[in-house]
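Enquirer: Input sequences plus hints: build the corresponding full structure.
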Amino acid sequence: FDLAHDIPLRAQLFRLGPQSHVLLLMLHHIAGDGASLAPLARDLAQAYAARLDGYAPHWTPLPVQYADYTLWQHDVLGEASDADSVIARQIAYWQQTLAELPEQIALPTDRPRPPVASYRGQHLRFDIDAALHRQLLTLAQRHGVTLFMLLQAALATLLTRLGAGTDIPIGSPIAGRTDAALDDLVGLFLNTLVLRTDTSGNPSFEALLARVRETDLAAYEHQDLPFEQLVEVLNPTRSLAHHPLFQVMLVLQNNASASLQLPGLQCTQQATPLTVAKFDLSFDFSEWLLEDGTPGGLYGNLEFALDLFSTDAAQTLIDRLRRLLATVATDPAQPIGAIDLLDDAEHQQLLAWNNTAQPIPALTLPTLFEQQVARTPDAIAAVFEDQALENQRLSYTQLNAQANRLAHALIDQGVGPETLVAVALPRSLDLIVALLAVLKAGGAYLPLDTDYPAERLAFMLDDARPACVLTRADIATRLPHTAPLLSLDHPDTIARLQHAPTHNPADTERLRPLQRLHPAYVIYTSGSTGRPKGVPNTHEGLVNRLAWMQHAYGLQHDDVVLQKTPSSFDVSVWEFFWPLLEGAQLLLAKPEGHRDPAYLTALIREQAVTTLHFVPSMLEAFLQEPTSADCTGLRRILCSGEALPGALRQRVREVLDRPLHNLYGPTEASIDVSAWACQDNDTGVSVPIGAPIWNTQLHVLDEHLRPLPIGVVGELYIAGTGLARGYLNRPGLTAERFVANPFTPGQRMYRSGDLACWRADGQLEYQGRIDHQVKIRGFRIELGEIEAALTQAGYPLNTVIARATGSDQKQVVAYVVAAHIDVAALRTQLSTRLPDYMVPAAFVRLDALPLSPNGKLDRKALPAPDFTPTSMRLPSTAQEVMLCQLFTEVLGLDRVGVDDSFFDLGGHSLLASQLVGRIRREHGVEISIRAMFEAPTVAALAKRMVNGDSEEASNAFEVIFPLRAGGKRSPLFFFHPALGLSWPYAALMRYISADHPVYAVQARGYADGDKQLPADMEAMVEDYVAQIRRIDPEGPYHLLGWSLGGNIAHAVATRLQREQADIAQLVLFDSYPSLATDAPAARAADPTALYAQILKEVYGHVPESYLQEPFSYEKVRDLLRESAWSSLSERQLEVLASIYQNNCQVQQNHRAGYFAGPVTLFMATQERDGSNSMPEDWQDFVDEIVVHPIDSTHGNMMNPQAVRHIGPLLSDLLAEDREVCRS
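The sequence shown begins at 1 in my numbering and counts up by one.
Just so you know, not all the hints are guaranteed correct.
[To be verified] Between beta-carbon pairs, the in silico distance windows are:
1) E291 / F1: 33 to 43 Å
2) L240 / R769: 23 to 33 Å
3) E291 / A326: 18 to 28 Å
4) T330 / T272: 21 to 31 Å
5) P745 / T330: 52 to 62 Å
6) E100 / H481: 51 to 61 Å
7) D110 / F1: 53 to 63 Å
It should be emphasised that the hints constitute simulated quantities derived from the structure, not laboratory data. Given the structure is predicted, the values throughout are model-derived calculations rather than measurements. Note that CB positions come from ideal geometry on N, CA and C, so glycine has one too.
Expert: Structure below.
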């Protein structure tokens, strides 16, 4: 309709036959609503009858017109600006009533909500029989509510029980005809109300009816505020994905029926099916009354969005609502949380999915290992890879004998079942010997990570009270002496072990017999109260876990399992023991090696690793290492520790195409409790956590411990053989988290705090956390522990959250109320209490914590951390230039100063590993992860590079300086400007695909002293072409240059074309064939003029202070301190002057040749006048010139501001599949 010109009613008659017609009436909603249809039909019938009789219809004047209504509404309601007006009071009511309304409610959808709703919809009709209709009316009358209110309460109950929460906004139309005089008017009186239903506290259905009645009556009293104005006033977050304020509509049709009675015709109303859904769900009811006025049933229609729901899911909602209505009609006094939403078939299905009973060996871990030793005594059991020590290996017999010696020594020291032994050893053969020895003695091992703060280690030792600590002399000095230390490398210990028995300890030799329910290990996890908590897991749980794993993945004797997880995390437990129970080989990575993707890929290939584990974030870093694609010997990759994204699953397919398995489980349940094998046809945005493993039951329950239907999110409870005993020395916490199992009397369930839902195929989907526990890079963190540490540090007003930062990784961010924060000091202080992975990546100072209107912390209002660099000092060496560029790329920042800390800017261990990998791949320099933590700034790390590798320092002055050596596509060659060094081009690196190697071509003279400089452009080009050909003999070639470098690139391109080489790109940065370079004076005669020209080349002007004092190299170096040339020595400045003079002379004497192909020119537009060269100057020397104006001076073309404009254009240019240029 064009409402400015069209009548808002259209009529069209379709002739189906001589006696059969269809009349289509289209009424725009602006001119009528549902209640308008009855008077419209009556008027139409009256007009038809009159015309049939041959005269015009006679209309009885209406008492009021629609215009009267609008005037009355304006007079009565008043202006919103008048605080005493009716409309202002209604606005105030709705603002208070709808404060903190959920932006959207969680619905049990089949599909994730798309970013833009398509509004495609479908309808399902259903009915409620007359008997239930009567029961519902009786119930409504008894409680003084309308049938609509009862239906609203039932729908809110259903949505609450299906995971939508306890704050349920439901939209509902209201007729708006508040006076009988309006009943016969055709017009739009309809309004939409937001009826907020509070289902909290698990009320009875009767109590909920009372709440709904009170809410609705108040809403009806304030029904005049138009919904559109309400949205404008409340200003909720707008989204193209969902309707504002509510997503579920409820309608009970009670308008007068529109009946068309036309003389001589039989008329019936035809429903017009629509394939549109304005809301996620819309329930539409109408009552059917028998002739005697008694209830005849309810007709229902569910309109649902196809973006979110399948037909089956929508039908299931209808079935559940009918079942719920029947339940409350019979027993309205029961709490809404007690209503069973599942039918018998669903209950049986859940039981079937949890039927995981399987027999497992009634043995302990040491016995199973000893049986394997007997089967494969001479096979290699364990190998430790450390280049410093060369490969160390033990056969099964050797490993068993060493472990037995230490086990007997431990028994002599009083270690046995129910005894803890702490193990403080790095990854090594000594570590696996120690772990086996503790288990053989009957004890349980407690791994200590010696990188933990001393305060945390002291707490763990004091809390666990181990009988002793197994360690080494170099580590013992870092441990609190709260338990006896047994140093395995102490001469007395070595001598004692040499004389100890080598046979397997028997129960008769242990302090008491070792049973399956004795603890095997204790691992500490983060604690919400500020104290970590120990979790003892039993032999039975571990044996069950490993037996299932062998059944699922079938480890063979020729398998090699890589052990790289720190022993303080429970994944390490299966890495240690699974291969040793199956006759496979255990390969122990070197300490700190687990953080280095390049080391891991080399180790996997060299040692023929077949099986390994990653947390997803480390898997992402591993796949970014180019050599990871060569790890084709892998037979299985196992993931756990955090949610596995679908995009990462796809990346594994593309890079490795190896079987990928997603496992899930908390420390409190013997490592893992569910598993999923990724399928080739998986396309979901997330990866399921799978089905329960052997002898394990997984229950998705609501807050009342009732099972939830398929697709409904609830808390995941774990039961079965793998459950831990509880928490060490924490009976209160154990009782809180390990609760009675209502499905199996006499057993326990563990409340995981994780949210999940069942899929229709019996697999579980992970849906996040119910509390403030998070997983960061696989580490389990209770944010409350960090908040407690901040309080102890003197900042009691604080909160800590995990949020995505610029690196696209979730990181811990601390918000502190304080006048000032010394971030460095606070980070140091926290590092004495918390492991490094728990120290916040960012600290944000606030004047006050943001609160919601009801006084609660408003986490959504917490500002994002600002990782803006604070250092303004520019890089001054080639290493600093390169590192600044890599810092910005890895951290996702625009710039980095040389004194900015990698970790203050949002870096973490995984990003550090990426940075180290790129330094190694692109520049051939070995930097350890530890060096990143010890020297986290650009300046400090650059010094490490220079001091640790003098070759790299000299490489910065070589004719070919690799800015990035690795990459699969053809390389890029950047040619030096007149000053002879190509370091400034590093600023463009972040815009160049990692597939391209990048080389800087630099002038002769810097690296080779007084060697003869090129006499002309031909000599220079001949030299550079030879250098380029050594790197890439065939091409195609990408040639780029700034200023003089552009002229060199053009000359090289013409030379290569003469040699029949292919040129992919020729790119010039403000270069012209007649370069306007003033002829510098001779250096010996006038160095002042010469260096003035050099300073002008660097800055675009000569600093005023330069000409105010006599010439000195010290002054020149001081003026260059803010440039890329600040690190040059006096001798190097002399060389620079010679090279600059020579280059200028070469350019002045050069006559450009012809390049048969297009050229891309980035033209500086600042400080241009009629004397400047122009792009047209190239027209005699190239086929075509494509110009990109850049708002910059010539001298600033490689500065950050210009590079921000050049970079994306260059990136697009390199991405084009342009044909190569041939002569």
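Enquirer: Which constraints among the numbered hints does this structure fail? Numbers only, ascending.
Expert: 4, 5 and 7
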